[in-house]
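Residue-level listing of the chains:
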Amino acid sequence: MTKTNESWGSRTGLILAMAGNAVGLGNFLRFPVQAIENGGGTFIIPYLVCFLLMGLPLLFIEWSLGRFGGKSGNHSTPYILESMGSKPIWKYIGVFGIFTNIAVVAYYTYIESWTLIYVVHTLTGTFSGWSKEEISTFFTLYVNLEGADFGIPYFPLLVYLFVLGINVYILSTGLGGIEKVAKIGMPLLILFGVILAVKGWTMGSSYASAEFPDANAWDGINFLWTPQFTSLADPKVWLAAAGQIFFTLSVGMGSIQCYASYLKANEDIALNSMTAGFTNEFVEVLLGSAIVIPIAAGFLGLDWVLENAGFGMAFQTMPYLFQQWGGVFSVIAGVSWFGLLFFAGITSSLAMGTPWMGFMKDEFGWSRNKGAFSFGILALIMGIPTVLFYSYGYFDEYDYWAGTVSLVIFALLETILFSWIFGIDRGWAELNRGADIRLPLFFKWVMKYVTPVLLLLVFAGALFTPEGNDWVGAIQGLTEGRSWKLDSDSLLAKLSFEDIYLEMEKEPERKAFFDLKIKFSGWARTQLALLFLFIAGVVWYAFIHRKSKTS
Amino acid sequence: MNTSALILVILTQGTILGITAYCFYRVLKKPDQTS
Chain R
2 MTKTNESWGS RTGLILAMAG NAVGLGNFLR FPVQAIENGG GTFIIPYLVC
52 FLLMGLPLLF IEWSLGRFGG KSGNHSTPYI LESMGSKPIW KYIGVFGIFT
102 NIAVVAYYTY IESWTLIYVV HTLTGTFSGW SKEEISTFFT LYVNLEGADF
152 GIPYFPLLVY LFVLGINVYI LSTGLGGIEK VAKIGMPLLI LFGVILAVKG
202 WTMGSSYASA EFPDANAWDG INFLWTPQFT SLADPKVWLA AAGQIFFTLS
252 VGMGSIQCYA SYLKANEDIA LNSMTAGFTN EFVEVLLGSA IVIPIAAGFL
302 GLDWVLENAG FGMAFQTMPY LFQQWGGVFS VIAGVSWFGL LFFAGITSSL
352 AMGTPWMGFM KDEFGWSRNK GAFSFGILAL IMGIPTVLFY SYGYFDEYDY
402 WAGTVSLVIF ALLETILFSW IFGIDRGWAE LNRGADIRLP LFFKWVMKYV
452 TPVLLLLVFA GALFTPEGND WVGAIQGLTE GRSWKLDSDS LLAKLSFEDI
502 YLEMEKEPER KAFFDLKIKF SGWARTQLAL LFLFIAGVVW YAFIHRKSKT
552 S
Chain D
7 MNTSALILVI LTQGTILGIT AYCFYRVLKK PDQTS
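Note that the protein sequences, when read in sequence, are chains R and D. The numbers in the first sequence follow this note's numbering, run straight up by one, and end at 552. The numbers in the second sequence follow this note's numbering, run straight up by one, and end at 41.
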């Protein structure tokens, strides 16, 4: 094993890098949409409960795992987990902590490339005078590689390569470079977010148009924040809130453990992890809730928002809305929006590069350049098909299996390891060593019993999602002797492509397309499985390498 | 803005903002904590 002397330059740099890792596109796109789909103001109550019972405890666990592993020179999850679990199997479970990052970065940098090129299009005035439909079509053509921006065919592919190259370059500069990006990117992201949030809170009904005479930003704000207590009894709302907390904090990835492994043995993790976690919540709840929904409601009305809320709004609707402000502010708003999404994206994708680089440095003494370059090659091999076959669901398969399912499985296993195998008493002592704040004992109990149960529920919720996501109806049906019908979006149904077959049933005239979609989805899964096996093979080889060095 | 929404906004956003600010205050009091 090779010793590394890399460490964080400053405490603020570490916190901003950790917060940057957590703050991602989901803070601005997923959170408001989840809130809208789950009863508006009701959603925030289970959301905050889940933050306390699952989010913060998971942050504590992952920071503790990382610092513990770092003490013995391990900077990625295979050997961090083995050093805590004392059984060889843990290093193969730790493979998730490298696998997920490479698989996610492969498609995540593609979204990052969209945000960057939309900044350029905003500055060059591409969208000026375009209708909502024209802007929406532009995005569809772009992601399907059917357009030719600036007259260059396959332009999105070139931008993707460029953005991946930026990531590789920054990674090759080590923790110092990552810290610098976080120190510049995070304040700018917050500044851009505040500019747009102030507009969201103050635009009111002054932008109602002849087409949408009832448009009013306050309707969006009221919907997001008015509690409807009856929805609190709906398991669907709780599962959605738990899912959102889980995904917003970037837990279950392996990147937090890697960042924390560069801390010194007695450096605080209790206060640092809380600060990073609450910074993410600040960005998500205060800024994320005040941009997309209020601004869209202010121009298009709440009814339109309720019908159309989704990921596409970021690229298909927002550029049109910014144009309606006219003048310089439309450019400022566009640059702020896509700029903040770019910084949110890049601070997260950089974190995804470090577990692979840390592992190769620890085990084989690879330099930063070699580590970063090899990471870029792996990301490229995984990423090119997501760009080329985006419309055939390659991207969605990666997002579901690597960016969703893997995270929950890994988080559940590491929580069991920390609280039950390593032991909560030792774990609690590890967390509190060198702590700058006294954590309430309540969290010790929560980490042992509540967090694993909540994670199990999130996993079971994904596995057995009932038809129409109607948990109340499905549970009632069970008590009345009816069978449990799975939704086509449940994990079990997705295994046999039921979601795609359902789409095919609705549009039988597009059968040829859906047949291809099933084929490409299968390839995407195979590619993910091969990546996992490849990393497991590298871990096994590292094990042999370690053994040969000690004997 | 209706009253119940206003109360929820003040409670949640105020708490998150307050705790985040307090955490940063504690961090900045000891910016180079290593032992």
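Among the hints, a few may not be true.
As the list claims (entries may be wrong) - Simulated crosslink set (DSS-like; lysine-lysine; CA at most 30 angstroms straight-line):
1) Lys548/R with Lys371/R
2) Lys237/R with Lys181/R
3) Lys449/R with Lys72/R
4) Lys449/R with Lys184/R
5) Lys237/R with Lys507/R
6) Lys88/R with Lys449/R
7) Lys35/D with Lys184/R
8) Lys88/R with Lys35/D
9) Lys507/R with Lys35/D
10) Lys265/R with Lys88/R
11) Lys184/R with Lys133/R
12) Lys72/R with Lys184/R
13) Lys35/D with Lys548/R
14) Lys548/R with Lys36/D
15) Lys520/R with Lys486/R
16) Lys486/R with Lys265/R
17) Lys36/D with Lys72/R
18) Lys520/R with Lys507/R
19) Lys550/R with Lys36/D
20) Lys35/D with Lys550/R
21) Lys72/R with Lys35/D
22) Lys265/R with Lys449/R
23) Lys507/R with Lys88/R
24) Lys550/R with Lys265/R
25) Lys35/D with Lys486/R
26) Lys486/R with Lys507/R
27) Lys88/R with Lys445/R
28) Lys133/R with Lys265/R
To be verified - With the C-beta cut set under 8 angstroms, the calculated list includes, among others, these residues of chain R facing chain D:
29) Thr13
30) Gly14
31) Ile45
32) Trp219
33) Met275
34) Phe283
35) Leu503
These are computed hints drawn from the structure, not numbers from a lab. Ideal Cβ placement from N, Cα and C applies to all residues, glycine included.
Query raised in the report: Okay, which hints does this one fail, numbers in order?
Result: Of the numbered hints, 2, 4, 8, 9, 11, 13, 14, 16, 19, 20, 23, 25, 28, 30 and 35 do not hold.
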